[in-house]
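Chain order of the listed sequences is L and U. Counting from 1, position 24 in the first sequence corresponds to residue 24 in this note's numbering; the numbering is continuous, with no gaps. Counting from 1, position 16 in the second sequence corresponds to residue 102 in this note's numbering; the numbering is continuous, with no gaps.
None of these hints come from the bench; they were simulated from the model. Where a beta carbon is used, it is the ideal one built from N, C-alpha and C, also for glycine. There's no promise every hint is true.
[Said to hold, decoys possible] Here are the computed lysine-lysine pairs in the BS3-like style, where the Cα-Cα straight-line distance is at most 25 Å:
#, chain 1, residue 1, chain 2, residue 2
1, U, K146, L, K5
2, U, K224, L, K52
3, L, K45, U, K281
4, U, K146, L, K45
5, U, K159, L, K52
6, U, K224, U, K262
7, L, K5, U, K281
8, L, K5, U, K262
9, L, K24, U, K262
10, U, K212, L, K45
11, U, K146, U, K180
12, L, K45, U, K178
[To be verified] Where chain L lies over chain U, by a calculated footprint (3+ residues, C-beta under 8 Å):
#, segment
13, 107-120
14, 164-176
15, 252-258
16, 272-282
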Amino acid sequence: MITCKDFLRELNEYLDETADVSMKKELELHVSQCPNCFVVVDTTKQTLRVFKGMEPQEIPSTVQTRLMEALQRRMNSRRATGTAPE
Amino acid sequence: MAQATAVFDEAPLLERARAGDAEAFTELVQHYERRIYRLAKHITQNDEDAEDVLQETFLKAFEHLPGFQGNSKFYTWVTRIAVNEALMKLRKRKSDKTVPLDEPVDTGDELMVREIAVWEENAEEKYSRQEMNDILQKAVDGLKPDFRTVFVLRDIEELSTEETAEALGISVPAVKSRLLRARLQLREKLTRQFKRKGENIFDYL
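All chains, full assembly: derive it from the sequences and hints.
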């Protein structure tokens, strides 16, 4: 029988479903009998869920423009000097 | 897990870019710039640094493209450059000013679970999108850089464990261990925020 501490150590394997078959059984048994670990699993799942729903950061257009300008300058200077890429 | 870019077939573009086709390289940049910027912002926590990281990353990628072996995915390779640039910024900024002593004290040696409470139902619906983003951002920002970086790559950018290890130049077990600690710390913070009030009945640990 595994302890809560064991369970916690394997939490990611449980959540990401990467535990092997026998460990998976142990983990499932533990979580079905331990209210604390059940809550930890549930709240960790919710934590990951809200993060997955996080808005991707838009690049401000000025930042985007400056990136393209910097790249352009670099590409042009290479063309001008005729430097072969290392 | 890393399926976000599955539909984007980068191989032909990459080949053209490596042959010196500037347009092809620009297309690759445009495809990944948002993710790199987001990553840079998460790690540096600073707009100005994030912009520098974004530029440096793609300029370096352009310089070193001919040497890119193609053993890893282009995105993983670029991510690795970006992470290095971002961590350098972070170190520089830290040495610029006094290191704050009130940094998260958790050294991460112990697996921390203090707050055991169920969340309010549909907790996040009680907040506007902006408020929610602020809460999440603040929670991630409170993690140690080592944990934060792994969490961002694995759970926000959805790189695999192996890709994360490669991007950070650390071992797979190190990724796993940092990710577990990061997840537990975030769970702790968010549970404090979202727990159902007055019902801490499981709190007998």
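Here is what the structure says about each hint:
no., hint, in the structure
1, U:K146 - L:K5, "violated (44 Å)"
2, U:K224 - L:K52, "holds (15 Å)"
3, L:K45 - U:K281, "holds (14 Å)"
4, U:K146 - L:K45, "violated (37 Å)"
5, U:K159 - L:K52, "holds (22 Å)"
6, U:K224 - U:K262, "holds (23 Å)"
7, L:K5 - U:K281, "holds (23 Å)"
8, L:K5 - U:K262, "holds (16 Å)"
9, L:K24 - U:K262, "holds (17 Å)"
10, U:K212 - L:K45, "holds (19 Å)"
11, U:K146 - U:K180, "holds (24 Å)"
12, L:K45 - U:K178, "violated (35 Å)"
13, 107-120, "holds (count 6)"
14, 164-176, "violated (count 0)"
15, 252-258, "violated (count 0)"
16, 272-282, "holds (count 5)"
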